[in-house]
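Participant: Residue numbers (mature numbering (1 follows the signal peptide of the UniProt record, and there is no 0)): -18 to -1, 1 to 64.
Note that these hints are calculated values from the structure, not bench results.
Careful, some of the hints might be misleading.
[Unchecked claim] Computed spacing ranges between beta-carbons, pair by pair:
{"hint": "1", "residue 1": "G14", "residue 2": "S54", "range": "30 to 36 Å"}
{"hint": "2", "residue 1": "P35", "residue 2": "G14", "range": "28 to 34 Å"}
{"hint": "3", "residue 1": "I34", "residue 2": "A58", "range": "17 to 23 Å"}
{"hint": "4", "residue 1": "P57", "residue 2": "Q13", "range": "17 to 23 Å"}
{"hint": "5", "residue 1": "A58", "residue 2": "T24", "range": "22 to 28 Å"}
{"hint": "6", "residue 1": "L19", "residue 2": "G42", "range": "19 to 25 Å"}
{"hint": "7", "residue 1": "Q60", "residue 2": "G14", "range": "38 to 44 Å"}
{"hint": "8", "residue 1": "T59", "residue 2": "P18", "range": "36 to 42 Å"}
{"hint": "9", "residue 1": "G42", "residue 2": "P17", "range": "32 to 38 Å"}
Every residue, glycine too, gets a C-beta built ideally from N, C-alpha and C.
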Amino acid sequence: MNRTARLLGLLLSSFLAACVAGTPETPARGQGAPPPLPEVKTAPPAPGMLWIPGAWHDDGVQYVWIPGRWESPRPATQNPDG
């Protein structure tokens, strides 16, 4: 194997290992959702945005962590009766 191919293989394996190492273990179902994961709440990207905290989601097989995010508020609805 030539030197470039070995280097490319090493870089790819390091990248994949870092991706797996940075992912929290997904807990099995039937034990209830685990406690929330710690999150860093960054500054809002625009004024008036709302922080939606992260939460565990049961996908039918296991719990999957959905990270917190910033969202724009929903527009107010008008009452047709006034």
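Participant: Are there hints from earlier that the structure breaks, and if so, what are their numbers?
Facilitator: 2, 4, 8, 9
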